[in-house]
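**Q** Each chain, written out:
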Amino acid sequence: MSTQAAAGQAVIRVQGVTVGYDQSVVLRDVSFDVHAGEVFVILGGSGCGKSTLLKHMIGLLQPMRGSIIVDGEDIVSAAGERRRELLRRIGVMYQHGALFGSMSVLENIRLPLEEYTDLPLEAMNLIAHTKLKLVQLAGSADLLPGELSGGMQKRVAIARAMALDPDILFLDEPSAGLDPITSAGLDQLILRLKRNLGVTFVVVTHELPSIFTIADRVIMLDRQAQGIIAEGHPQTLRDTSGNPRVRQFFNREPEPATEV
Amino acid sequence: MPPPGPPAQLTPVAPSADQPARLELSGRLDLHSIGPVWQTARAALARFARDPVVIDAARVTYCDGSGIAMLVDLLRQQRPVGATVTVKHLQPQYQTLLAQFDPAEFRERHHRPPAPRPLAERLGRAAMQLLRDLYAAVTFIGEAAAGVARALAHPGQLRWGDTLLVAQRIGAEGLPIVSLVGFLIGVIVAFQSAVALRNFGAEILVADLLGIGLIRELGALITAILLAGRTGAAFAAEIGTMKVNEEIDALTTMGLDPVRFLVVPRLLAAVTMTPLLTLYAILIGLVGGGLVLLGFDIPFALYRKELFSFVTLTDFLGGMAKTFVFGVIVACTGCLRGLQTRSGAAAVGLSATSAVVTAIVLIVVADGIFALVYYYLDI
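Sequence order for the protein chains is A and B. Going by the numbering used here, the first sequence opens with residue 1, and the numbers climb by one from there. Going by the numbering used here, the second sequence opens with residue 1, and the numbers climb by one from there.
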């Protein structure tokens with residue numbers, strides 16, 4: 001366990017949250033906890049609100065109703081130094097990397113270190129290089145994001161998210177677009193960080209092999225239900241869930257063809 | 001909020017007869033507290049430069065990625081033979097993390113900065129780049145001209161919806177800024193001239209000066225520069241963003257010529273709207289000048305009469321002829337720079353800036369050429 005919360009204790013509490021855009025509700029009255037030191041996976045079909053929920057959990061969007069408590073503090077209403085401290089303790093990898101195109105890979109990873117620490121440049125560079133080594137991009141420090149493939153950009157984004165050694169890492173579709181070897185390497189990295197440093201992960205993903213490898217607990221969102229239709233360990237859900245939508249998802253069954 | 005537990009601390013212990021030098025680390029080696037410890041540890045290593053050093057991590061309670069980076073840094077230092085650095089008693093879970101890094105891989109490489117290129121080589125490279133840019137511009141203008149010719153020969157193939165939309169953005173939506181700038185230019189030129197000419201009782205000549213200035217030169221020039229900043233930049237940013245998002249590639253692989261699809265509608269809209277906006281700017285400028293002259297007791301009717309008696313149709317046509325060329329310059333530089341955009345958000349900004357700068361330079365150069373040609377043709 002890395003900092004405040006003991007292993008197993010709730011570090012994120014999503015309580016009665018309704019989210020959406022304008023007047024259109026995407027998820028209604030959703031509640032769940034994320035426990036310290038676990039890999040928590042949010043899954044569901046396209047358009048069910050996974051990424052929207054993630055954006056609420058990191059404080060980018062304000063829920064219509066309900067509250068999201070991170071480390072005992074409402075992330076939306078936290079202000080000033082407390083908000084800055086909360087944001088320092090979380091790392092976020094966005095779906096498309098969101099790297100700064102005018103900065104080199106090294107500068108992208110070093111940026112949060114420059115903003116939050118007083119370390120000398122050499123030390124920040126070394127930390128950035130170790131993060132790059134972790135995502136198997138040791139030789140790419142001086143390249144610009146535009147010179148990297150989509151998969152490499154994602155790995156740099158993960159390295160940047162880890163720059164401040166956050167207690168909680170949010171990963172939005174980390175494996176999408178990666179080759180199977182890199183994807184498996186990323187799964188191992190997540191497990192290593194969880195096991196050795198007690199980092200908590202909140203991961204949005206569709207990748208079933210990855211889910212079965214890394215997830216301690218999953219919630220499954222559904223567009224029609226506008227909420228959570230299943231919660232638990234992925235293998236348990238696959239084998240025992242009574243919900244046909246859950247079984248369909250885990251068994252990769254297509255939608256029944258519409259009769260004409 | 002700082003994490004619980006004692007922060008990182010380091011105690012250097014000098015070597016004794018039976019013990020090597022030791023750096024005793026304790027507490028949490030994390031990003032919060034690592035800075036001072038890191039510097040002390042490096043200084044201690046330098047102090048024990050010729051001795052083997054053991055980093056004793058027995059009392060380290062937590063070690064995050066930054067702590068691991070510090071240990072890697074201490075292990076990677078180049079030292080004399082025998083003066084090794086070793087880490088001992090680190091908890092197994094942190095030892096696993098440390099084992100992922102080979103310190104030798106992180107040794108500082110001293111790059112010799114490349115020698116500056118000789119002047120002749122730099123000049124040659126700049127000249128080659130200029131030639132390449134010129135070649136790209138000529139190719140692009142050729143493609144655009146061919147696209148326009150095709151569109152005129154087969155009007156049904158032109159994307160009329162896009163063309164009218166772009167024309168609306170350039171023309172109707174540009175009216176407020178053109179009105180403001182045109183009016184103020186008329187007012188300023190008229191006022192400054194009138195103040196000077198009043199000394200000779202020749203305020204009425206402001207009408208001649210303003211007429212010839214706005215109709216032959218300023219109207220077209222000011223409108224073109226406004227369009228370069230407003231429309232040229234918008235073209236470059238819009239097409240540049242499409243390039244970054246691979247939309248241009250998608251058009252190409254669908255068999256759609258980007259020049260026909262994107263450039264021709266913009267070119268036609270700009271060439272049509274530039275003269276109209278210029279005409280409008282001239283009229284508004286003349287109105288502004290007329291209002292200033294009212295303040296100098298010159299009635300509007302007299303101002304109008306003087307204006308029409310002095311400015312000829314040739315002046316007007318000469319001024320308007322430029323506007324078509326300026327329209328082509330604004331549209332072509334905007335579209336060309338957009339299509340030349342590399343990847344990333346910064347590249348889009350660079351393209352937009354480059355489009356504006358290039359267009360303004362070309363407009364001024366073209367205006368100079370027009371002035372020379374008109375002089376020799378006695379227009």
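Source of the hints: derived by calculation from the structure; they are not laboratory data. A virtual CB, placed ideally from N, CA and C, is assigned to each residue, including glycine. Some hints here could point you the wrong way.
As the list claims (entries may be wrong) - Derived DSSO-like pairs: lysine-lysine, alpha-carbon spacing no greater than 30 angstroms straight-line:
1) Lys194/A x Lys55/A
2) Lys194/A x Lys88/B
3) Lys88/B x Lys133/A
4) Lys133/A x Lys194/A
5) Lys133/A x Lys55/A
Stated by the list, open to error - Stretch-level coverage of chain B by chain A, calculated; a stretch enters the list once three of its residues show a Cβ under 8 angstroms from a Cβ in chain A:
6) 33–43
7) 61–67
8) 70–76
9) 314–327
10) 364–371
**Q** Kindly indicate which numbered hints from before are broken by the structure, ordering the numbers from low to high.
**A** 9, 10
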